[in-house]
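Line by line, the protein sequences give chains L and F. Taken in order, the first sequence gives residues 1 to 110; the numbers are from this note's numbering. Taken in order, the second sequence gives residues 1 to 112; the numbers are from this note's numbering.
Please note that a few of the clues may not be correct.
Distance ranges between label pairs, derived from CB positions [claimed, not checked]:
id : chain 1 : residue 1 : chain 2 : residue 2 : range
1  : L       : Ser19     : F       : Arg15     : 40 to 46 Å
2  : L       : Ser52     : F       : Pro8      : 39 to 45 Å
3  : F       : Asp62     : L       : Ala53     : 38 to 44 Å
4  : F       : Lys52     : L       : Ser83     : 22 to 28 Å
5  : L       : Gly54     : F       : Ala80     : 47 to 53 Å
6  : F       : Gly56     : L       : Thr67     : 25 to 31 Å
Calculated directly from the structure, the hints in this document are not laboratory data. By construction, the Cβ of each residue, glycine as well, lies at the ideal position given by its N, Cα and C atoms.
Each chain is listed here by its residues.
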Amino acid sequence: EDQVTQSPEALRLQEGESSSLNCSYTVSGLRGLFWYRQDPGKGPEFLFTLYSAGEEKEKERLKATLTKKESFLHITAPKPEDSATYLCAVKLSSNYQLIWGAGTKLIIKP
Amino acid sequence: DAGVTQSPTHLIKTRGQHVTLRCSPISGHKSVSWYQQVLGQGPQFIFQYYEKEERGRGNFPDRFSARQFPNYSSELNVNALLLGDSALYLCASSLDVGGLLDFGDGTRLSIL
Numbered sequence: 001e002d003q004v005t006q007s008p009e010a011l012r013l014q015e016g017e018s019s020s021l022n023c024s025y026t027v028s029g030l031r032g033l034f035w036y037r038q039d040p041g042k043g044p045e046f047l048f049t050l051y052s053a054g055e056e057k058e059k060e061r062l063k064a065t066l067t068k069k070e071s072f073l074h075i076t077a078p079k080p081e082d083s084a085t086y087l088c089a090v091k092l093s094s095n096y097q098l099i100w101g102a103g104t105k106l107i108i109k110p
Numbered sequence: 001d002a003g004v005t006q007s008p009t010h011l012i013k014t015r016g017q018h019v020t021l022r023c024s025p026i027s028g029h030k031s032v033s034w035y036q037q038v039l040g041q042g043p044q045f046i047f048q049y050y051e052k053e054e055r056g057r058g059n060f061p062d063r064f065s066a067r068q069f070p071n072y073s074s075e076l077n078v079n080a081l082l083l084g085d086s087a088l089y090l091c092a093s094s095l096d097v098g099g100l101l102d103f104g105d106g107t108r109l110s111i112l
């Protein structure tokens, strides 16, 4: 069964304290892996797409990496405005549908 | 440019009622997808439409149906509402079937 698992469920950090979020997946075929950010009461907002193992993408304080089994979202020197739920999704090669993880709720305390 | 717009933003219904949710895609996007997001979980795929035709269906009962209109807007209908249908319903549009999804802010549906 195709499955995406994110850990931890929640993460509390002090402002400036760097850390990483994990997204592990077991799927029949990977067409791409996506990271989205979701603020309370809002829809998911696109951050990154990764297509192959070894690929990395960066945007401001965020960097996403991909291996054959998992992806990491590294956050460097986070600020309170980085507080949100971060969602990971995998696009299957058999169709165009996305399988989503449950998300990691990130809280950055000033 | 306007993003994906959904209406209404909030809705309260009782068990057994019917509901219609509406979505207008980004101009130029021809595909619309619907997702259900229960609190604390990731979105679950319900339907995808492209050029008014259904291109994908998730594991939801027949009480759920949708359609896409010639202007590419879409409706999601849910009949015989159950308490378990309480969720945030997200609409996403994309240029085509496999394109990057742009999400609206959803309709929060509460069933009493």
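(message) Under the constraints set out in the numbered hints, which ones does this structure not fulfil?
(response) Hint 4 alone not satisfied by this model.
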